[in-house]
Amino acid sequence: MSEQTASSVRYEEATKRYPGASSPAVDELTLEVPAGEICVLVGPSGCGKTTAMRMVNRTVEISAGDVLVGDRSVRDREPAQLRREIGYVIQQIGLFPHRTISENIGAVPQLLGWKKERIRRRSGELLELIGLDPELGDRYPSQLSGGQQQRVGVARALAADPLVMLMDEPFGAIDPINRERLQNEFLRLQAEIRKTVLFVTHDIDEAIKMGDRIAVMREGGRVEQYATPAELLMAPANEFVEDFVGADRALKRLALMRVADIDLWEAPLAFVGQATGEVRAKLDSPAVEVPFPLLVDGERRPLGWLSERDLAADVVPGRPDSPLGPVLELDDVMRDALADLLQHETQYAPVIDRGGRIAGVLSVEIISEFLGSPEAKSDEHPAVERPHG
Amino acid sequence: MGNPFVLAAGEVGGDFFKERDVGDLCQAQTQHVFCFDWARENIDRFEAPTVQHLEIVIPALVIGFVVAFALALLAHRTRWLQPPLLAATGILYTIPSIAFFFLLLPLTGLGRDTAIIVLSAYTLQIIYRNTILGLNNVPAAVKDAARGMGLTPRQILWKVELPLAIPEIIAGLRVAVVSTIAIATLAVLISAGGLGTEMYGSNLTFPTSIIIAGAIVMLMALAFDAILLLVQRLTTPWRRAARA
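Residue numbers (this note's numbering), protein chains in the order written: chain A, 1 to 389; chain B, 1001 to 1244.
Keep in mind that the hints were calculated from the coordinates and are not lab data. All C-beta atoms, glycine included, are put in the ideal place defined by N, C-alpha and C. Take these hints with a grain of salt, some might be off.
Ranges between beta-carbon positions, derived for each pair [stated by the list, open to error]:
(1) 1231(B) - 339(A): 54 to 60 Å
(2) 1058(B) - 72(A): 32 to 38 Å
(3) 178(A) - 1158(B): 33 to 39 Å
(4) 19(A) - 1223(B): 50 to 56 Å
(5) 250(A) - 1137(B): 47 to 53 Å
(6) 1077(B) - 12(A): 33 to 39 Å
(7) 1045(B) - 136(A): 56 to 62 Å
(8) 1231(B) - 18(A): 42 to 48 Å
(9) 178(A) - 1087(B): 44 to 50 Å
Far from chain B by the CB rule (all over 12 Å, computed), these chain A residues [what the hints assert, rightly or not]:
(10) 59
(11) 71
(12) 118
(13) 138
(14) 330
(15) 347
This is chain B alone, in the form it adopts within the complex:
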C-alpha cells in the first residue's frame, strides 16, 4: 500500500458512503421528493455541517483575496508580471476540482487544510484578474492629475487607484464567493466536512437531505453576495450619485 492515492481513496470511502438514517418517517412515501416530517425532525443535523462549511469557505476566501490582491499590486507595479501571473492563476483555475483535491492529498493529507488550499487557489484567477482590470480602468487623466498635484506613487495607489477599482474588485469577489461556497460541498470527499456530507450519500432515492443542504448552500451564497453588495454601496457613494 505504498500508493497514497489508493490509501486516500480507501479513507475517503468511509465518509463518502455514510448511511443516511431515514427511519420510518417517510417509508410509506419513498417517491416523495421532499419529506417534511423528516426535515422537521432532522433539521439540527445540518447545523454542524453549515458551521464546517463556513470554516472552510471564509478562510479560503480571505487567503485567496489576500494572495490575489498582493499579486495584483505586484503586477500593477511591475507591468511585465501581468501576463505570466494571469497565466499561472488561469492554469490553477482549470484544474478539475476533484482532481485538485486528490492531487494535494499526498502533500497536505485529508481534512480542512487541503480544502482551504484548493478553494483559495480557485479564487486567485478571478480576484487577481478583476483587481488588475479595476486598476487598469482608472482614467489616465485622473492619474496624471494626481501625479501633477504632488501625490506620491503610494498615495496615488491607495487614495486614487484602489478606491476607483473597488467596483471591479467586488465584482470579482462576488463571483469567487459563489463558486467557493458551491465547490466547498466537495470537501466531503477529503473528509473536510461541510454541507457536502449531507448531500453525497448512498440513499439517492431520498433527496430531502440533498435539497435542504443545497438550499443552505444557496442561502449562504446569497447572504455573502448581499454583504458584498452592501460593502460596495457603502464604499462607492460616487457611483450612485452619477446615476441619480
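Same shape as in the complex, but just chain A:
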C-alpha cells in the first residue's frame, strides 16, 4: 500500500460542451468530494452525472473549468497515466473476455510494470477480499455469473490501490437480490479501504444506501442539493429534490436507522418457575405497554410469549403457549425490522443484543409514531450512521 490511499476530488466550475449541442452537458459544476468518502451523483437520465464523473479520469475532456484530484489538475496529467491511478467500474463490467480472472485483475498493475510475482500475489489477495474462490482466478469471465463478474470488476478497479474510484451504475445490471448483496459487500469493503468514490446512479434508494454524501443533479449537471442522505430526506432543498427523493422519504429514513436508534418498549419479563402473581403485578404497572409477558431463560434470552392460559397456573411454565415469532436485533436496519413485523403479521417483536439477551420490544406502533413525529422530519435525530450489512 502506498502512503496515501485516497485523494479528494474537486470540481471547479467544470464545464463540458459537446460540439453542436445547444447547451452544455455539464455547466460550471462546482463540487468537493472529501478524501475517503462515497459521493453519489444521482439524477434523472441525461442530467450529466456520468459526464461529470468521466471528467475525473478524462474519458470526457473538460471544455472549461477544472477538476482537481488531490491538489493536481487532471488537465495537467497524461490521460493514460492518470487513469491508472483511478479505479473504473462500469455497469456493463467490461471484463476482458480473452483474459483470465487473475489477468483481468492484474491488468492495471501490469500496465504499471509490476513484477509478475507481485501481480499474482495481489490478484490472490483481491479475490479473497471480494470473497471469490481463488481457484476462479484461472477461469475466463464467461464462466462466471453476472454477480461474480461485477465483483471481479470492482477487484480489477482496486488492483493498483487507486486514489479515487469511479463507479458508473456498477450494480445497475444485477438482479435485485444480488444487487443488494453487492451493495452491502461494497460498503463493508469501503469501511476497510476508505477510498474516495464517485458513484453514479439514477436510483435514489441506492444513492441513500451507498452515499456518505449525495449530489442530486438535474439537466446541465446542476447540483440541486449536496448533502448527507439524512439531510436530503429531512430537508429537501427544493421541489425538484423533494420530487426526486419521493413521497416516501420518511419510510426511506428507516433505511438509514437501526433498531438501536429508536426508544424501545420495555418487555415485561417472566422467568421459568416464577410465581404468576408477580408477573401479573408487572403487567398491571402503567409503564408497561406490552400486554403479554415475555418468557426468558436464566440468561435473559427470549423463549416465547405467555398467554392468559399460561398465567392461570401458579408458576410460570417452561414451555410458553405462544411461539416467539420474529426476533429482531439491535443492529438490524429499521426498514428490515418493519418488514419482518409486517411479514409475520405481528404488532411487536422482542429485540435482542449481540449476546442474544433481551433488549426491549419493537412495535409497529413505535415506528408509526416515529414516522408521524416531527423528529422524523427534523434535523435533531442523531441516527445518520449508515447500515453496513
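We have chain A already, so just place chain B on it with the hints.
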C-alpha cells in the same frame, strides 16, 4: 503484332494445349474414369506442379493478408475510409479471374508474379471485411473499460481489440485460403505453372490426371484449413472455456 493480348494468347497456347503422354497403359480401357496403372507410373510428375502451386499460393496469401490487414487497421482508425475501402476491395473481387490474369499481362507479363498479384488481390475483400467485422464486434464496454483503466489507444488495439477479433480474422483467412488454392489452378493460363498444368490439357477423354491434380488441390486446401483451425484454437482458449 502490336497487340499484347494476341501475343499473350499465342504464348499461352503452347503451355495450355500441352499433350498428355498417356502411353499404352490404359489404351484398352479409355472409357475408364481413373487409370490406376497410369497413376502409379506417373505420380512423380505431380511433385513439381504441387511445389509451384504452393509457391504461388503462399506468397499470394501472405501479401493479401498483410495488405488487407493494414487496410483494415487504417480504416479502423480512420472510420470514414471503411466504405470506400470496402467498395474498392469488392470491385477487385468481382473481376472474373481469367479476365484479371489477361488484363495484367501487358503490365506484369507471363509467369508467377502476375498470378501472385491476381490471387492476393482476390483475398483482400474477404480478409479486410472480416478483420473490420472482428474489430467492430468488440463490445463497447470492453473498450470503455480498457480506456478507463489507462490503456493507450495502441494497447487497446493490440492487447484487446485484435485478440478478440482473431476468430473473425481467421474465418476470413480460411475462406481466402480455399478460394486462392482453387483459383491458382488457372495460373497455368499465364504460364505460371501449378497444378493447373496437370488439369487443363487436350486429352479430355483421359480424366485420371485431372482427378489426381484435383485431389491434391483439395488436400492442400484441407491441410491449410486444418492449420488455421489449429492456430485459432491455440490463440483463443477463452472461446473453448466459454462453451465448456
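Evaluation of the provided hints:
For residue 1231(B) paired with residue 339(A), a C-beta distance near 57 Å keeps the hint of 54 to 60 Å intact. Range check, residue 1058(B) to residue 72(A): Cβ separation about 55 Å, and the 32 to 38 Å hint is violated. Take residue 178(A) and residue 1158(B): their Cβ atoms lie about 35 Å apart, and the range 33 to 39 Å holds. About 54 Å separates the C-beta atoms of residue 19(A) and residue 1223(B), a value consistent with the hinted range of 50 to 56 Å.
The given range of 47 to 53 Å is respected by residue 250(A) and residue 1137(B), whose C-beta atoms sit roughly 50 Å from each other. Taken as a hint, the range 33 to 39 Å holds for the pair residue 1077(B) and residue 12(A), whose Cβ atoms sit roughly 34 Å apart. Under the hint 56 to 62 Å, the C-beta atoms of residue 1045(B) and residue 136(A), about 60 Å apart, fit the expected range. With their beta carbons about 43 Å apart, residue 1231(B) and residue 18(A) fall inside the hinted range of 42 to 48 Å.
For residue 178(A) and residue 1087(B), the Cβ-Cβ distance of about 48 Å falls inside the hinted range of 44 to 50 Å, so the restraint holds. For residue 59(A), the condition that its CB be more than 12 Å from all CB atoms of chain B is violated, with the nearest at approximately 5 Å. Distance check on residue 71(A): its Cβ is at least 21 Å (rounded) from any Cβ of chain B, clearing the 12 Å threshold; non-interface status holds. No beta-carbon of chain B comes within 12 Å of the beta-carbon of residue 118(A); the shortest separation is about 18 Å.
Not every Cβ of chain B is farther than 12 Å from the Cβ of residue 138(A); the closest lies at roughly 9 Å, contradicting the non-interface assignment. The non-interface label for residue 330(A) is consistent with chain B: the shortest C-beta to C-beta separation is roughly 41 Å, beyond 12 Å. Residue 347(A), annotated as away from the interface, keeps every beta carbon of chain B farther than 12 Å; the closest lies near 49 Å.
Hint compliance for this structure: hints 2, 10 and 13 are not met, and every other hint is.
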